[in-house]
Amino acid sequence: MTDIIQVKVADYKVAASPLTLISYGLGSCVGVSLFDEDKKIGGLAHIMLPKGGENTEPKFFPRYADTAIKLMLSDMEALGCDRGKLVAKFAGGSSMFPGLKKDDKSIGERNVDAVVEIFNLLQIPVSASDTGGSHGRSIRFNAETGEMKISSVRQETIII
Amino acid sequence: MVFSRLDSGQLDALMEISNIGVGHAATAFSQLLGTSVHIQVPQVAVVDISDVPDELGGAERSVVGLFLKILGDASGNILLIFPTESAHKMVSLLLNQDPDECDMDSELAVSALKEVGNILASAYLSALGSMLSLSLIPSTPNIACDMAGAIVDQTLIELCSKEDKALVVETEFFIRDNELKGNFFLMPDPETLNIILEAVGMGTE
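Line by line, the protein sequences are chains A and B.
Using my numbering, read the first sequence as starting at -7 and increasing by one per residue.
Using my numbering, read the second sequence as starting at 8 and increasing by one per residue.
Treat the hints with caution; some may be incorrect.
What the hints assert, rightly or not - Interface residues of chain A toward chain B, partial, derived using beta-carbon atoms under 8 angstroms:
#, residue
1, I(-3)
2, V1
3, D3
4, G17
5, L18
6, L41
7, P42
8, F89
9, V145
10, Q147
Stated by the list, open to error - Between beta-carbon pairs, the in silico distance windows are:
#, chain 1, residue 1, chain 2, residue 2, range
11, B, S11, A, V79, 33 to 41 angstroms
12, A, S126, B, D58, 20 to 28 angstroms
13, A, K62, B, L115, 48 to 56 angstroms
14, A, P90, B, V207, 46 to 54 angstroms
15, B, S142, A, L113, 45 to 53 angstroms
16, B, T42, A, D(-5), 40 to 48 angstroms
17, A, G125, B, S137, 39 to 47 angstroms
18, B, S118, A, S126, 14 to 22 angstroms
19, B, G79, A, V79, 46 to 54 angstroms
20, B, E205, A, G124, 40 to 48 angstroms
Just so you know, these hints were derived from the structure itself, not from any lab.
Virtual Cβ for every residue (Gly too), placed ideally from N, Cα, C.
One chain only, chain A, in its complex shape:
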């Protein structure tokens, strides 16, 4: 059993092989991973909201897709990762209570849009994702292989 590090809601963690990063019970939140295959270093962020406004306090950065991903990226670069070699994956962004949808898009869908947008901006390729639906997900991201294992209560476990 490899050691695990839990990534709580509105937080992110960076770890090297053989560690596994875990986020439990994501609903509309999105779990975003970055992986450097050469260095065997991975990061996992558990983001809650799409974007912080201009007045976002730094302590709130890990909550938002744009700021959390940038923070995680700079932490990984500080550990020697090469931005050009990073590959991203993400999962989550479901609508747990479809009846609550106020606008055209649920908060889960807006989170996913923000993640896609920020990776386009940073020019980091996304190799796989599993988003949407109305079920919760737990994510286990392996910093050795870059595999993201996604489990849920009523769906089959998948690996992306």
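Given chain A, work out where chain B should sit, using these hints.
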């Protein structure tokens, strides 16, 4: 009003009014189920938003969650969490069906669970409202059977656009030696808290 600035007197006041509120909710619940319902003295805690899923018994725990918004003079969320087995027992009690034969995905089961949410939240809010002279109404209940963490996401997202802490009022109720149990959570919005505190004469701002 920032949650982390609450003093112990204010937390006590919140606990006391919640105690009366959940007392009423438990009475209504026991009438609905036709059996006695025990409740724990509510706990009031100010916790980091990141720690709320743990406070609910672990983010990955499979539960039935009922989520209602508080409308009227104050705003916030009420969350009822039942372990899946408890929800199952409760539905079979309410529908007078054999637990083995009762289909949790049926429209009737979902509607029975929503009704539980409705009755508990209404009893709680009407007790709180009449005590504080505030008009408090629950929204229609939303239901999800899934991981506790995924269910609470929605509530946290609304809170965290302006706060890094959540005020959680929690109580556990159970019947017949834990045969059935559940948790009741109240998470008032930050701006609402002062309305409640002022109504009990403990306002600060």
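task: Given the range 39 to 47 angstroms, decide if the beta-carbon distance of G125 of chain A to S137 of chain B lies inside it.
output: holds, 41 angstroms
- request: Would you check whether F89 of chain A satisfies its interface hint, that is, whether its CB is within less than 8 angstroms of any CB in chain B?
  value: Holds: closest Cβ of chain B sits about 4 angstroms from F89 of chain A, inside 8 angstroms.
- prompt: Against chain B, with CB atoms and a cut of 8 angstroms, does the hint on G17 of chain A hold up?
  reply: holds, 2 angstroms
message: Holds or violated: the hint that Q147 of chain A contacts chain B, with Cβ atoms closer than 8 angstroms.
response: violated, 10 angstroms
- request: Could you say whether the range 14 to 22 angstroms given as a hint is met by the Cβ separation of S118 of chain B and S126 of chain A?
  value: About 18 angstroms separates the Cβ atoms of S118 of chain B and S126 of chain A, which means 14 to 22 angstroms holds.
- request: Check the following: the C-beta atoms of G79 of chain B and V79 of chain A are separated by a distance inside 46 to 54 angstroms.
  value: Holds: the Cβ-Cβ distance is about 49 angstroms, inside 46 to 54 angstroms.
message: Please check whether V1 of chain A passes as an interface residue: C-beta within 8 angstroms of a C-beta belonging to chain B.
response: holds, 5 angstroms
Consistency of beta-carbon spacing, G124 of chain A to E205 of chain B, with hint 40 to 48 angstroms: holds, 43 angstroms
task: Please test the hint of 48 to 56 angstroms on the beta carbon pair from K62 of chain A and L115 of chain B.
output: This hint holds: roughly 49 angstroms between Cβ atoms.
- request: Confirm or reject the claim that P90 of chain A and V207 of chain B have a C-beta distance inside 46 to 54 angstroms.
  value: Check failed, 37 angstroms falls outside 46 to 54 angstroms.
message: Verify the CB-CB distance for S142 of chain B and L113 of chain A against the hinted window 45 to 53 angstroms.
response: Since S142 of chain B and L113 of chain A have Cβ atoms about 47 angstroms apart, the given range 45 to 53 angstroms holds.
task: Could you check the hint for me, namely that S11 of chain B and V79 of chain A are 33 to 41 angstroms apart, CB to CB?
output: With Cβ atoms ~39 angstroms apart, the hint holds.
In summary, the structure is inconsistent with hints 1, 7, 10, 14 from the numbered list given earlier, while agreeing with the others.
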